[in-house]
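By the numbering used here, the letter at position 456 of the sequence shown is numbered 456, and the numbering carries on one by one without gaps.
Just so you know, the hints here were simulated from the structure itself, not pulled from any lab data.
Some clues are possibly wrong.
Derived DSS-like pairs (lysine-lysine); straight-line CA-CA distance at most 30 Å [to be verified]:
no., residue 1, residue 2
1, K252, K327
2, K327, K469
3, K340, K452
4, K452, K469
5, K452, K252
6, K469, K337
7, K340, K327
8, K252, K469
9, K452, K337
10, K436, K252
11, K337, K327
12, K436, K340
13, K452, K327
14, K340, K252
15, K337, K252
16, K340, K469
17, K469, K436
18, K452, K436
19, K436, K337
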Amino acid sequence: MPDTMASSRSIWLPLLVLSAMLLAYAAVEAPIPGVNEPHYLTKARHFQDSGWCAGDLFLESGNAHWLFYVVMGPLTQWFDLPVVAAIGRVAALLLVAVGWQMLTTVLVPWRWAGAASASLFLLLQTLGNWSGEWLVGGVESKVFSYGLVLIGWAFLLRRRPIPAAAGLGLATSFHPVVGMWCTLCGLFAVVVNRMLPAAPTDQGEPDQQSEPDPSGWTHLLLAAVLFLLTASPGLITAANAALIAPPEVAWKADYIQVSYRLSHHLDPLTFDVRDYRYYGLLIVLWGLLRSRGQRTARLRLWELIVIGSVLAALAGIALAWGPRPWKEVPWFELRMKLLKFYPFRVADLCIPVGVSIACVNALVSPAGKAVDRRRLQRALLAGLTVAAYGVALLGARTNRPPSGLPPAEEAAWIETLEWVQEHTSEDTLVWAADEKWAVKWYAERPEYVNYKDCPQDPASIVEWNSRLKELAQWRIAALRDGLCTTDELADLRSSTGVSCLIVRRFGPVEPAPDYRSGPFRVYLIPDVPTAAE
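Let the hints inform the model, and build the full structure from the sequences given.
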């Protein structure tokens, strides 16, 4: 009985500590609602209740993350959105913690390797990223997906293709782009590994002959079928959204996404030079650390996964390379179509994850070394873990808040949106002219368009862009004489249906605002009867 209890503690205690670390960091780095939580969770609420914010362009667009909305949608009917966000964070980050613990304990013979490597990873992520990818923060579909990816990779390293396929397939259903890239990196690692000489087996690692043979046709066939079954909900939904649009509409949507709306994620020529230097240094550091750690078959397979992600990113750089504007780049239509699949996002995470695990592996001695030396090294590693996590928390605390506003202005912005929710009808169409954060989250009203809430199906992306251009032209015309008049507000309502205008910088406006809080003003635009009426 005591042995059983000790064994249970050795499994669950590190996992609980790791989970607490991730949840605490998320709370500090991204207070609810995080930067993308209004985007995903309002969509989930509308998915479950189509009458909520009916008429909103984004909410009524295609559901690229269908499984996420199926899972989170019912919660929005039982709880307020902040509570749903908290529940979602706990569920998603527990999944990440389980996957992280499984992966690290497969690679490093120390039960606290998960917590140690996670603290280093959080520090590296706090210091910067390359293409804007992140793992620990608010809840969205990719967090669930990455948790399942880590579980799938852990099984892959243990030569268990069937559960690996299930994990990667479910990851693909939650987020098709993340899941497919991570699956391709895993396949790349397996294929290349089979071409290389056999790697040494560590003392704590089971002999490969005693583990299931992943090359058997039965295992491979079952794994392929299971992957297709578990991935099909996400793949079918994403394919339907992407393929139903006419070619000219699909091309326009690709151009909008790659050239400006998501260029900070998709066009490597827009990435900051400092981030290139930072990730270049991380790759060099990874190479130095891996040369000092233990060499096992599982570590080599893991390193090939990381290399696969780097090769995908290099291919993305090659696709994007060329002059600007984009129309001067040879075959720019094809290049944009490929770049929209985010070839950089997996490397953006895999590189710091690889460095973190390699650092822990380099500091953890093999079991055969002197006990005193192992204890000293692990004591040093424990101190490094606490220090790295503390610095990561301090760094996260100094990050820009999700709203991008100073505290006083954020409070005024929330008060403004809550006033709209309390003093307008549910079918009021809103346009926040100068801000984009959490409008539907607090106001619970449909928006005519929101720059942040860009749809993901081609037809809706083109319509989103058209509405932004229309409003930009109206702004210029309305202020051409230095004053936005009552008649010009009426023109806005007649052409767009907007009956509630929220502004901060836009103006001056002729009528007095219906509400003011801090720098924000609300104008309720009455319906103007037509001559026939």
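Against the structure, the hints:
1. K252 x K327: Between K252 and K327 the Cα gap is close to 13 Å, so the pair holds against 30 Å.
2. K327 x K469: holds (20 Å)
3. K340 x K452: holds (17 Å)
4. K452 x K469: Cα-Cα ~15 Å, so holds.
5. K452 x K252: holds (18 Å)
6. K469 x K337: holds (23 Å)
7. K340 x K327: Distance ~16 Å between K340 and K327 Cα, so the pair holds.
8. K252 x K469: holds (14 Å)
9. K452 x K337: Holds, at roughly 21 Å.
10. K436 x K252: holds (23 Å)
11. K337 x K327: holds (14 Å)
12. K436 x K340: It holds: about 23 Å lies between the C-alpha atoms, which stays within 30 Å.
13. K452 x K327: Measuring from Cα to Cα gives roughly 26 Å; hence the hint holds.
14. K340 x K252: Distance of about 12 Å is within 30 Å: holds.
15. K337 x K252: Holds: K337 and K252 sit about 10 Å apart, inside 30 Å.
16. K340 x K469: Holds, because 22 Å separates the two Cα atoms, which is no more than 30 Å.
17. K469 x K436: holds (16 Å)
18. K452 x K436: holds (6 Å)
19. K436 x K337: Holds, at about 27 Å.
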